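> Read top to bottom, the protein sequences are chains A and B.
To convert, note that position 374 of the first sequence is 374 in the working numbering; the numbers rise steadily by one, no gaps.
To convert, note that position 23 of the second sequence is 23 in the working numbering; the numbers rise steadily by one, no gaps.
If you are wondering where the hints come from, they were derived from the structure by calculation, not from laboratory data.
Fair warning: this is a prediction, and the values are worked out from it, not measured in the lab.
Fair warning: there could be bad hints in the mix.
Stretch by stretch, here's where chain A covers chain B in the computed footprint (C-beta under 8 Å, at least three residues) [to be verified]:
1. 36-42
2. 47-57
3. 78-89
4. 96-107
Yeah, the Cβ is synthetic: ideal placement off N, Cα and C, and Gly gets one too.
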Amino acid sequence: MSMHLPVLIFAFPFFTAVAMPLVGLRKRAWCRPLTLIALSAMSLLALLLLATVVEDGPIRYAFGGWAPPLGIEWVADGLSSLMMVAVSLIALLAVVYGDSPLMQGPLARKTALYYTLVLLMVSGLTGIVLTADLFNLFVFLELASLSAYALVGVAGGHASLAAFRYLILGTIGASLYLLGVSFVYAATGTLNMADAAQRLPALLASPVVLWGSVLIMVGLAIKMALVPLHGWLPDAYTHAPDAVSSLIAPLMTKVSLYALVRVAYWVFGPETMTAQIPVLPVLIWIGAGAAVVGACLALIQGHLKRMFAYGGIAHIGLSVLGIGLGNRTGFAGGVFYLITDAVMQAGLFFVAAAASSMHGVRELGELERLRGRMPWVLAALVVIALSMIGFPPTGGFFGKWYLVLGALERQHYLAVAAIIGSTVLTLAYFFRIFEKVYLGRTPVSARSPEALPWSMRLGLAVVTLALLILGFGSDWLIALIQTTAVPKGL
Amino acid sequence: MTETLLGQGNFFAFIFLFLWGLLIMLSHHNLIKKLMGMYLVQTSVILFFVSLSAKRGGTVAILLPDVTRPEAYTNPLPPALMLTAIVVGVATLGVSLALAVRLYRQFGTLEEGEIFRRIG
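Start from the sequences and build out the full structure, keeping to the hints where you can.
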């Protein structure tokens, strides 16, 4: 049973997605419960998978009984099962949160198709997380991305144009990734990650390997919106329907970053990527730049979702910085921050969705209308903001703490400066938000607070709790990452 | 194979098609022309990957009764993989055309600048 867990986790969202259009034809009201059941089952299996992997070690699954170097292999190790838990729980939470107030407008008439795309995207992300095959990774990357383009573009108007640009840039990214894979395949003759990792050390002198690794990294950097390749993200997240942005923002870029970690550390290896092909040292600089530039751009935005989108770009930079440090502390900090950031992004876009769907507040200047009317939402926003800035005892503080420790261990003081600079800028843009909420002109009409549906309250409460749990449980989680999820040679 | 890869004709053909596609995407403001460029970029990568399996004197990787030496066949893996990549490309083109149709119905034009002007 436990041997088949990786593929069972994939089967739940995927087969539900395939069945969804047929169900939606007859019983439209069943779509949402069915999606929630599939994602809950998937989350339970992911937790079971993590427990099994921590207990008994990695699970390798060869599709169709073809032995790994020839056939396609999936591997659930510490990192992928941890990531799987994060992805499935956040997807479940985002779908719970995407209740009726968020499903108004263009989404209301397309319930069945919306849930089909959501489940397809989640199954694509599952494939990216679990696969141990470079070409298989490309296929799932495109499955997830295509669903994301369609979800962003569903609203029409500006959203469709944003989705079109996202599609163009995303396809360039995927093509570059595939090109890199073709180079690696030309050099090694294999697509299996473990097999390629064994063959690569003998081939490092070849320029084909060098260019292959660089093309893969650039392709994935476009997918994760790493500065300066972030052009598609702000428009796509700003104009996407609220239910969609709160689902895509925490998942797509983070899982692309996971794919980069997987290729950099498990295919090429940390030593190669630091010494012979210095991709990781370059990633520290790019990550540091992204953390500062993203936060600066967030500071000058006037649109709430756009500000949060740039905040997400800055935080991806921080995770990349940690990953690039190439030591145990930095790696654990980067992975921890990646998961924390996924929760924070979910929370931020939940808040933006609540503000825009309940009170029509989209711009910073309209925020004063929220004062006293959305106590739940504002309370959640305070905790998320504390975590984004990095105050204890939230997850964001401990993530940054380990990033700084990793940077000091490597004596990379510029990285430390970038983390601190990004923190100050984050403090500044959240100050702008709270200033607008509490110090703006008095609201025009002081109506009684509108009731948020229980599902949305639940979503906000879980995000808030999760950030506190990530903070209080950070020692445990960092230890778990350092014992089970760290690659060989680190 | 690796040392001579960069000096081979297939690589130059690929570079030419790839950069031409990229140029079309960057220089045209018409959405359909952008898609044409995008498709050229995708196809150039697919062609390059397939060309990796080519071999002087090798035949297609379909088992023939009178050819028993494995060296006589080309590598079947790249064409098999690229079949999947072509399917992915078709799906991408489908989604992108659907978005283009959507934009055209709403704004009555496919020029990116014009659409921007109408959004305001």
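> Against this structure, judge whether each hint is valid.
Here's how the hints hold up against the structure:
{"no.": "1", "hint": "36-42", "verdict": "holds (count 3)"}
{"no.": "2", "hint": "47-57", "verdict": "holds (count 3)"}
{"no.": "3", "hint": "78-89", "verdict": "holds (count 5)"}
{"no.": "4", "hint": "96-107", "verdict": "holds (count 7)"}
Checked against the numbered hints given earlier, this structure breaks none of them.
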